[in-house]
Amino acid sequence: MNRFAIVVCCLLFLTLNVADAQDASTTIDQTIADIFEQWSEESEQVPDYQTFYEELQFLAENPINLNQTSREELSKMLFLSDIQVENILAYLYQYGPMENIYELQLVEGLDMTDIRRMLPFVVVRKGKTTPDKIYRYDVLNYGKNELYLMFNRDVETRQGYRMIVSTVEDSISRGKNYLGSPWYHSAKYRFHFKDRILAGLTCEKDAGESFFGSAHKGYDSYSGYLQMNRFGIFKTIVLGDFRANFGQGLVMKSDFSMGKSSYVLNVVSRNEGLKKFSSTDEYNYFRGGGATIQLTENWETSFFYSNKMIDADTAGGFFSSIYKTGYHRTENELIKKHTIRQQVAGGNISWRLLWLQTGFTFVHTIFDRALFPEKTTYNRFYFSGKNQNTAGWNYRIHWQKMNFFGEAAVTNNFHPAFLNGFTLSPISLVNLVAVYRYYSPDYDTFYASALSETSRINNESGLYVGAEINPVKKWKISAYADSYRFQWPKYSIDAPSVGKDYLFQTDFAASRRLSMYWRFRHSNKPANILQDSSIMPVIEIVKKNSLRYQLSYSYENFSFKTVAEGNMVQKGGKAGYTYGLTAYQDLTYAFAFLPLKIDFRYQFFDAVAYENRLYAYEKDVLYAFSIPMYYGAGSRYYLNLKYELNRQFSLWFKIAQTVYADDREEIGSGKEKIFGNKITDVKFLLRCNF
Amino acid sequence: MKKMLCLLLIASTASQVFSQISSVLPVSSSIAGTSVANTGVRSEFQNPAMLGYAEFSEIGIQHENRFALSELSTNSFQTLLSTNAVNADFSFSYFGYSLYHEMMAGLGFGRNFSDKFALGVRFNYYMAYFSASNSYRGALLPQIGLSYRFSSIFSLGFSTFNPFQTNIKTDFTQKRISSIFSLGTEYYFSPELVWLTQIDREISSNYRLATGFEYQILQQISLKLGAYDAGYLVPCVGCEMSWNHFVLNINCELHPLLGVNSFAGLRYVFSR
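Residue numbers (this note's numbering), protein chains in the order written: chain A, 506 to 1195; chain B, 1205 to 1476.
Note that these hints are calculated values from the structure, not bench results. Yeah, the Cβ is synthetic: ideal placement off N, Cα and C, and Gly gets one too. There is no bait here: all hints are sound.
If you only want the chain A side, here are some residues facing chain B, beta carbon under 10 Å, derived: (1) Y1058; (2) F1065; (3) L1086; (4) Q1090; (5) Q1108; (6) A1138; (7) Q1162; (8) A1166; (9) N1182.
All chains should be built: construct the whole structure from the sequences, respecting the hints.
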């Protein structure tokens, strides 16, 4: 008994001293999760959470000194709009360095919610904060190392694992089942010395992929990087896996891009240049090297070269599409692995003044085999061939209370894409944005990502108008309207068509502890209506109205969130409405004297038609994100635990279960099918700092 | 035999049109079943977070009758112990007749956190008798509750019963037990007049929308008026009378198809 008491006391002693540190990290995690949730929940494309989290977490560890900052640096806080960034810079220019962080309240266009979100990522210091010289001793002794091990699997057995196979031949003969175990596993190593030297290695095995077997010797995917910042004339040097982002994203934006979301002003991509790739995404990155050189105070140039193998079906000596999922679980998927060599070389040159920034970007892409998409009506203008050149010119002008920005790009078939817009803050309480885009049907390049209704940047024109208004204290109104046109048929839309998308949101931040919002969204989207009797394509408008209410409340170590969301969809003018509804209750508790935090959710959903499907962001283990889709009737609940054993080791554990109540006897289809009405997911993550 | 068939017919009809899930959970003394956010009322098997608001220990019994059929009655009782750290209750209910009956016993805990919010959990053990196999089958059905008190006049309540959708299986049949998500509000227009709203979603049934007003006309007497909709509109009336340590609640509701449901509950509050 005494021994037990000693062990308990030691454990408590070990854990008590990390309780304070946990408070800070919990706040940062919570802030990042809140920002991501608001950004992603109305976004059409699911952003890359790993990159998103890592960048903001890094920013929290290396906060921006507001007195020595730049537009580029402030733009890393993705929740700030361009107008807010300009207002901070204008304040610093006009009044000089800030005395303390509370001065942020004097900056136009920043409300308390924005400032609270900024706080973990900024500091106010006087004098230089970053030494210019790096010493090997400092790097070795003060660099931070982190190791992450993550495991994840479904408790129920999917159809693809029901017959155990040991060889590739077995797999073919037994119905091409998954070759590996149902465990997902990833290992990540990260090193950074301040924000000057960053390095990392990522290994991943997806569920169903074999680890050691005839198909794999170890992990399925490996990724590594080295990034060095501010070394002489080199602003950035990247080696290994990296991403490149220039201009507004019409030519080169391999990172996640801002799209339509409840951050209505943040629709414009930011010029982030070259940066490391540390995600587990197995397609959207470059492999090679690059550098950004600061030529003069105003001139800067970047260049890069990438040479990597990508996945595609090469039967016939060419390939029709790139296989981007990164899954290599079956023989059929393995046949496509690393079959095409893709080389990408490019560069950018930029000229910056206080009020003007302009740049030119050029990218050349080569495949070792020709890409020939199977031609149908909608993809008639898709790129085909072995080589492609893309070039673009971008600008950003700050004048009075207006920001003008834009980019014009063209591929080697001389078909253009344009994006132009402005932001305006006529009075401090009102911020406006307008963006016009035109992407020719023939404009089709591989790494473009910009404001668009679909993920492919081509065959679209549209006008986006957004506004954010703070009519009275504690209240904020956000709204956007987007009208777009597809000049040529799109996938699942067999004729030229138009669509509309509107969002209206009212936020009320009653106090630091209590906030709520109401969000209404209406969209008119064109879609094919399947009619066997018609010869010509029939396009109907799918009207969707959705309404969401969210209430957030916190008290001491507790925080709560109550959400109710409903939608109604009408397919075509004559059809009736179908309905979807979900509601959930979140409860979070951070123990005061133990480094333990728990999240619990109970949710029900009822969306009988697929068009009424609902999404809800949920908390997860570190570096993982989850926005499950709900379709059918049932309930879902999860328990998420974070335990910081000591300053070196932290554990995350999550168990989630969805139970369908609509009498279904199986979930999913094909090899992903599960028999029964329940699906349970378990995740475990271990982090080690040293 | 004829009586048995009639009972089965009524019970099966009731299970389809009477989707207020009362076959498992006894109805509350709050008007129209709007108890999830009602901070002033304690009732058997209702939102366990409300236990946290109890200032005194209580003991209570209640009887609920459906459509004037004695076989469709639920009897229940509750003992509530109020302490400084946490409030606890033990509840028990019995529904049915000799050939079919079900019982539920629950041990609940609730705590009020500085009058800002209350949390509660109840562990219920449900047991049903199946005449076909002449045996009892049981299951553990948890209940979780939460109440935020934003101000002295407005609060919001949430509770879930059987969140894991546990069912009972026998050799011959499977009994589906309700899994309920409830959300409601309480708003005091004045200390005498309170407005309650609630939405219930039983995972396999219709939504139930309920609202009601409770007005204290005298120190001892309150009148209650409300209605709920679950595919049909059911008006409800009731009153509450308090005398010394005793509180008597009587509620009635008129089902448009099946007739009158009645409820009576008597509670004794210690040390008032």
